[in-house]
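S.K.: Chains as they are written, first to last, in numbering that gives the first Met the number 0: chain L, 0 to 462; chain Y, 0 to 462; chain H, 0 to 462; chain W, 0 to 462.
Check each hint, because a few of them may be wrong.
[Claimed, not checked] Taking lysine-lysine and the DSSO-like style, the derived pairs with C-alpha atoms no more than 27 Å apart in a straight line are:
no.: 1; chain 1: H; residue 1: Lys67; chain 2: W; residue 2: Lys341
no.: 2; chain 1: H; residue 1: Lys318; chain 2: H; residue 2: Lys372
no.: 3; chain 1: W; residue 1: Lys341; chain 2: H; residue 2: Lys66
no.: 4; chain 1: L; residue 1: Lys318; chain 2: L; residue 2: Lys341
no.: 5; chain 1: W; residue 1: Lys66; chain 2: H; residue 2: Lys318
no.: 6; chain 1: Y; residue 1: Lys372; chain 2: L; residue 2: Lys341
no.: 7; chain 1: H; residue 1: Lys318; chain 2: H; residue 2: Lys341
no.: 8; chain 1: H; residue 1: Lys341; chain 2: H; residue 2: Lys372
[Stated by the list, open to error] Interface residues of chain L toward chain Y, partial, derived using beta-carbon atoms under 10 Å:
no.: 9; residue: Met317
no.: 10; residue: Thr348
no.: 11; residue: Val362
[Stated by the list, open to error] From the structure, some residues in chain Y lie toward chain H, with a derived Cβ separation under 10 Å:
no.: 12; residue: Thr93
no.: 13; residue: Ala105
no.: 14; residue: Met124
no.: 15; residue: His144
Keep in mind that the hints were calculated from the coordinates and are not lab data.
No experiment lies behind these values; they were computed from the predicted model shown.
Every residue, glycine too, gets a C-beta built ideally from N, C-alpha and C.
There are 4 protein chains.
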Amino acid sequence: MAKLHEECGVFGVCVPDPRERDAAYTAYRALYALQHRGQESAGIAVRRGGQLLLRKAPGLVPEVFDKKTLSDLSGADAAIGHVRYTYDGAERDTFRAQPLLVRHAAGDMALCYNGKLVNARQLRMESETRGGIFQTGTDAEIISHIIVREHLRTNTTEDAILNAMHYMIGAYSLIVLDGKKLIAARDPNGYRPLCIGRVGGCWCAASESCAFEALGGEMVRDVEPGEVVVLTEDGPVSRNVNILARHALCSFELIYFARPDSVIDGVSVDLFRREAGRRLARRSSVEADIVVGVPDSGLSAAQGFAEASGIPYAMGLMKNRYIPRTFIQPTQGQREQSVRIKLNAMGSTVRGKRVILVDDSIVRGTTSARLVKLLRDSGAAEVHFKVSAPPFLNPCYFGTSLPDCRELAAHGRTEEEVCSLIGADSLQYLTVEDMRAAASGLRWGHCDACFTGDYAVPVPHGH
Amino acid sequence: MAKLHEECGVFGVCVPDPRERDAAYTAYRALYALQHRGQESAGIAVRRGGQLLLRKAPGLVPEVFDKKTLSDLSGADAAIGHVRYTYDGAERDTFRAQPLLVRHAAGDMALCYNGKLVNARQLRMESETRGGIFQTGTDAEIISHIIVREHLRTNTTEDAILNAMHYMIGAYSLIVLDGKKLIAARDPNGYRPLCIGRVGGCWCAASESCAFEALGGEMVRDVEPGEVVVLTEDGPVSRNVNILARHALCSFELIYFARPDSVIDGVSVDLFRREAGRRLARRSSVEADIVVGVPDSGLSAAQGFAEASGIPYAMGLMKNRYIPRTFIQPTQGQREQSVRIKLNAMGSTVRGKRVILVDDSIVRGTTSARLVKLLRDSGAAEVHFKVSAPPFLNPCYFGTSLPDCRELAAHGRTEEEVCSLIGADSLQYLTVEDMRAAASGLRWGHCDACFTGDYAVPVPHGH
Amino acid sequence: MAKLHEECGVFGVCVPDPRERDAAYTAYRALYALQHRGQESAGIAVRRGGQLLLRKAPGLVPEVFDKKTLSDLSGADAAIGHVRYTYDGAERDTFRAQPLLVRHAAGDMALCYNGKLVNARQLRMESETRGGIFQTGTDAEIISHIIVREHLRTNTTEDAILNAMHYMIGAYSLIVLDGKKLIAARDPNGYRPLCIGRVGGCWCAASESCAFEALGGEMVRDVEPGEVVVLTEDGPVSRNVNILARHALCSFELIYFARPDSVIDGVSVDLFRREAGRRLARRSSVEADIVVGVPDSGLSAAQGFAEASGIPYAMGLMKNRYIPRTFIQPTQGQREQSVRIKLNAMGSTVRGKRVILVDDSIVRGTTSARLVKLLRDSGAAEVHFKVSAPPFLNPCYFGTSLPDCRELAAHGRTEEEVCSLIGADSLQYLTVEDMRAAASGLRWGHCDACFTGDYAVPVPHGH
Amino acid sequence: MAKLHEECGVFGVCVPDPRERDAAYTAYRALYALQHRGQESAGIAVRRGGQLLLRKAPGLVPEVFDKKTLSDLSGADAAIGHVRYTYDGAERDTFRAQPLLVRHAAGDMALCYNGKLVNARQLRMESETRGGIFQTGTDAEIISHIIVREHLRTNTTEDAILNAMHYMIGAYSLIVLDGKKLIAARDPNGYRPLCIGRVGGCWCAASESCAFEALGGEMVRDVEPGEVVVLTEDGPVSRNVNILARHALCSFELIYFARPDSVIDGVSVDLFRREAGRRLARRSSVEADIVVGVPDSGLSAAQGFAEASGIPYAMGLMKNRYIPRTFIQPTQGQREQSVRIKLNAMGSTVRGKRVILVDDSIVRGTTSARLVKLLRDSGAAEVHFKVSAPPFLNPCYFGTSLPDCRELAAHGRTEEEVCSLIGADSLQYLTVEDMRAAASGLRWGHCDACFTGDYAVPVPHGH
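Just chain L, same shape as in the assembly:
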């Protein structure tokens, strides 16, 4: 079930062959493959004849980019693109959409990123003290200020980025385009995914490897934590910021955010989820007739559970493919039924059955309770809730929009109390140990602070 949202997906491409120069169209297709990472706004900045051009607006990729808009950007030899989630309503989203295109002393620069700075406020105030002006107050604008400031002391954008990284604390997977180069950078903790791929003769960078496959290309490797990669015609040139930091890929990328067909830091998202399901099964003592996954992010874990338990996998919940973002809210009395618009229980499958229901998380518990009720209303004899992640207990400062701790179902409740809250016959979470074991193939470390409170960087007080 969609409950948490990360802020963004990023993409960059450079097209060496002058005959194939349509970097904007390549970015457009890649953003489709990354659309699951953000549906609030979309944007593409391109470089054509050394000039940077930008189009961005609130909306899904196909809403923002039509034929005319794409053709405005045609003929480009490089492009970066962005899809964004959060909308805080302060102003029309257009201004907060990315990429951000800025002109500074050394030329033009377009920038987009995925993540969240822990010290954004301090960095902004520091910049303001020197006369800095902020038009949106977004992290993207803050990062631009630091890079531009450092660029005054360096010759190249990549050097400026390397310098700037010493000041930025938190999660950031960054893609920058200037008049000459395309640069990808990942924070020293490696909180958010970022990888390099090859599509025909083009080098690309993207939040997830599924973007390369959607383009008919392939992933080459991850960007390392703390690495800055300059993509040129001759391939990636690597620099390293040399900041010692605990590696901390956000575990929710594996559990929920990423597409199952992506591979992150050496781990297949699908295989991770199936392994989580298998481990859940191994510790489960419940007898049941079928295993049902909550579409779409619970399906892989459900399959793993079925494999390991021998209980047959079944499509017991059906997702309506046409539910839009603009569903008109029902009046009070009808609200209860609104989950039915999105999901329907398959009576033919669940009637009279003892159901293992696998989902990736329980946040507030409201949606989970509705799912249980939906299955019971369709005749399920029993509903055993299996969560393919440990219970949420702590806040996230790195771009995962977890609600305030006090709203979390697991906050201040025993497992029995949560089970009773959602109305299930039994409840089982993945243990932290199993989660870590499933993630053990990660090339670098991961962050599971939302479960354990063990943060990889100091986090602010009174945040």
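Given the coordinates of chain L, assemble chains Y, H and W onto it according to the supplied hints.
M.R.: Using the frame of chain L, we list chains Y, H and W on its own:
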């Protein structure tokens, strides 16, 4: 894979309790659940204070209905709604959208239907000879003319419908609203599904039972072939046209059109598809490692195949949930890659595996060929194509938009030749016998003329 | 001041020369010139290769027709177009927009008209009795039914129109396009204007001659009351319905509706208005410093008043050119000021001056009162209101949207009472005699029933 | 005729009375009255509870502001608004629309301005050298940078503005809103108009006094060149920058830009234009029958010409009120006729007459030639062209979008050659002396460098 399209989904509701009068909002939610039956236009006609009001336009349900439009229709005690597929471009779709609202000698009438008349042209010419005027030429307008003509000889709309049914040949599931009554009628052959449900205190009619469940209600029964049901506060009152006709539910409703969570004429769509998959498996002699269904309509059959064969079910293809209707076509060289935008093969699942690929049909063969290639590109060792329906060989005159026979892959080709066309290692169709056996639970008969040429009514020459 | 609205403007063109075939674009430009006759919807039907195509929608001409829509209609050898005023809200305007395109026994026919039938209801009921169906209930649909019915008895559309005219009572200037011909017809009373023009090698028909000049062509002659003109490559072919009827051009066409640069039934609208102003002046005994016309329709009369009185003409009111139809209504306290958004008094011109204010009419009196106040607020010493038409006293049944009699300022009030109502220092109406004298150049007679109650045809009781 | 465009109109209001707090709606109505100063984008920034909010977008005022958008801004105690002309296409206009809302070390600030800096490029580079980032490169962004930089050295925004004015060279009428104050500032030369008004209990600032009248209020006084006015509940508090500068109100504000009902620096725009017309008449030796003004900006001068010459004023050209910005361009052969869509000559008025045609300017000559032809085509016996301004000979650097000198009709041509170019029977320009005499009532001086080359500030070489 979506390849064939039926024309419509219909819905009707009457709300006896004056305190709950929001028939338009009920219809709006039901149309969401029926959106898979038509994405080209949507419309709702309501009755408020004895007056009929209409809103319809091209677009998806959420595009056509916003808060303002719904509130224009609020307070209604009955409503009918429609989603429509075909767009033939002759005129702006608004005029061809349904419901159709007409005024005639006995009052106002709103009408929508799903199906296709075989003798539409003759009926229109007959009407024109008497001075009839056609503004759209749609079957809905033709049906209105006949009902209105018969109404001159009868006292009630239901009698007029019963009379009219003697002239209409073909497929039609019809819902009519007049100033007093809500009426549902199904053609004597029963080509298209139509059923009665109950949601709270309201009686409803819909193309598929999934609409009732989305509303939190339940299916009561199918409308019988040749039956006319008047829905009143006291429940359905049944009339029968008493035309002898071979029962002929379109088998493609079970195979592809309907949502798996619907039950049609006593048969669960999901169970039918699983049974088709099981029967495919029983006649299959291929050795393989995994069974992969083509999302979304091939998934049930793939599950059935897995059950019967013992080969594990796996999610080997991943559908991008954000692909819109407005994807900008790539330039020639890039067209090949466009299927990748929609579907992605899961390398982690298929690499090195012998894959059973289950889909519901092969139409022209182009899409099937791309699917096979996609799996091979992601490392599948073998791809064995299983079709959960027999080969298409004959035209459909009843609302299924099958292309011209000469474009069908199976037309004039042996099974080996089709296999070679799509590039699979082997190809297996469901046999007609197995299809019929899987459908044997249907309360009335079915039509499989597209496979067998055995039409339930005489079809036009030179059509 | 815009206060009354007629329903429509019509246009038709046939393009004999195959190299110049863009009838749709010609109609598009002509509709601009007729836009003052209707701002609610616009539509164009064309004939291309013998087929009729239609595009229509609510909105101004440029809102309805963009490049794509016009190019959908390109290459046509004939076109008819329509702009429409009234919006009665029963249904989305698209359905009530004209032209109406219908298919009947003898082929296709597109039709648009300007006017109002007095016996529309009877005609509709008559048609319904024969099984006729109405989708909008507009007069256009009723007229289509009668023409189609008569076409069953005749060979040509023009004969059908001539027959139909015997049944239609009221105002109608009609333009019809079928697969072969373009036909213009004017009711036997000649209530609404209709004229023939020539633009390059094309023959045209239009509500007003200004359309021909906007196209760079010229007016040839009026269509006579009761005349049916078939426009062919060889020029207009005339038929006459031979119904004896009192000629009755709506006098408000001259006073307010038509553009001043049009010539109707031999009378220049501008010259008529100037003559009305001159005649007002001759009967005026008021001493004043300046003559101010209310933009735009009061300007000609004001000029005439200035000429005859010797009092200087001055631009004392300024109209804001950018006021749209969507001005957001102010809250209660601010409503008073809303007229200021539209009009501004020129302080430099009116301060300390005794002002003759010339407007074409007083309907309810509210707007007139605001104008007087506006001038006084800007320092006018005196405001003498001159109306270039007699007082409204009677209802109009022919397409002029006069409000109910009881709402008319002059209804049940003496001239002094109206003067006091609007707060002017004095008030003078044009006398009926002067109005008739100014209109005496009309080739045929006119209707002034709204002033005199002298209707040219029997009007319905209890209407 | 619209030919030149200034960049903007600005407005600001503060609402002391808490019960009347709807500053956004006041700004909305004022922007309507200023819409003639810019139709490309519109924006309003408000202060509510000490916070600044912004809405802006490309389009006319009613396109940008609907009910929802206005209500987003409701309850504000101060607002500033802007309409903008120029569109240079580099990026979607939203980013270049004003007001600009920025956050800096001392808080938030919204800013809008009308004019053009001569030294914008130097100021931007200076700012970039210190690490400044530009997202649009507009003058508004540059001005913000300077004000914010100076704010680091001062306590209040008005002090920062006063400091900044020492660096800014060129034309700027500026309105700034911060968390506490509303500030209006006019450049020391006074190039663009700016005035203070009172509406009920509110103090306002606007580009033109017509905005106050549209709100039912009145002008109080002009902002003086070099003056900074802080608008508080207690009325305007004045500060002066004390920069010696030649006063230089753009003479084209009087000749063309401003609305005739505005009063600028003590001069009524309408009276100025009438005086220009009178002076033209006094030097004219042409015999003629009627004086015709080109709507809308030539009408006042034409009236003045008529007064002084005794030749009767007549409406010989009629402007179509419905011509939108989106008129679809005709094909080549039809382009000639496109002026006819906008303007129509009144045959009834001009036929056989010797016409004095008064317009405010000749830029390239193309439009003037079409006007002459239009009158001749409608039967004018002679057309004598009178221009109520001297010939354009020099570039403008202060926000008037005059084309390159080489495109100006008067550049390198004698008066006879221009007359021949536009096809008139005679041509007369206003002399520079007469223009200066007509403007002699201006409280401060004016700039007529476009006619004389006499610039009030040094202008850049190679600009």
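S.K.: Now tell me if each hint is right for this structure.
M.R.: Status of the hints after comparison with the structure:
1. Between the alpha carbons of Lys67 (chain H) and Lys341 (chain W) the distance comes to roughly 22 Å, so the proposed pair stays at or under 27 Å and holds.
2. With a CA separation close to 16 Å, the supplied pair Lys318 (chain H) and Lys372 (chain H) stays within the 27 Å bound.
3. The suggested pairing of Lys341 (chain W) with Lys66 (chain H) holds, with an alpha-carbon distance near 19 Å, which does not exceed 27 Å.
4. For the suggested pair Lys318 (chain L) and Lys341 (chain L), the alpha carbons sit about 6 Å apart, so the restraint of at most 27 Å is met.
5. For the suggested pair Lys66 (chain W) and Lys318 (chain H), the alpha carbons sit about 24 Å apart, so the restraint of at most 27 Å is met.
6. At roughly 33 Å between alpha-carbon atoms, Lys372 (chain Y) and Lys341 (chain L) are farther apart than 27 Å, so this suggested pair is violated.
7. In summary, the hint linking Lys318 (chain H) to Lys341 (chain H) is supported, as the alpha carbons are separated by about 6 Å, within the 27 Å threshold.
8. Between Lys341 (chain H) and Lys372 (chain H), the direct Cα distance comes to roughly 14 Å. Compliance with the 27 Å bound is thereby established for this hinted pair.
9. Because the beta carbon of Met317 (chain L) sits about 5 Å from the nearest beta carbon in chain Y, less than 10 Å, this interface hint is met.
10. Checking Thr348 (chain L) against chain Y by beta carbon gives a least distance of about 6 Å; that is within 10 Å, so the hint holds.
11. The interface hint given for Val362 (chain L) is violated, since its Cβ lies 20 Å from the closest Cβ of chain Y, which is over the 10 Å cut-off.
12. A distance limit of 10 Å between C-beta atoms decides the matter here; for Thr93 (chain Y) the minimum to chain H is near 5 Å, and the interface restraint holds.
13. For Ala105 (chain Y), the suggested interface contact is upheld, since its CB lies about 8 Å from the closest CB of chain H, less than 10 Å.
14. For the restraint placing Met124 (chain Y) at the interface with chain H, the shortest Cβ-Cβ distance is roughly 8 Å, inside the 10 Å limit, so the hint holds.
15. Annotation: His144 (chain Y) was flagged as interfacial toward chain H, and the flag holds, the nearest CB pair being 6 Å apart, inside 10 Å.
The structure fails to meet hints 6 and 11 from the earlier list, while all remaining hints are met.
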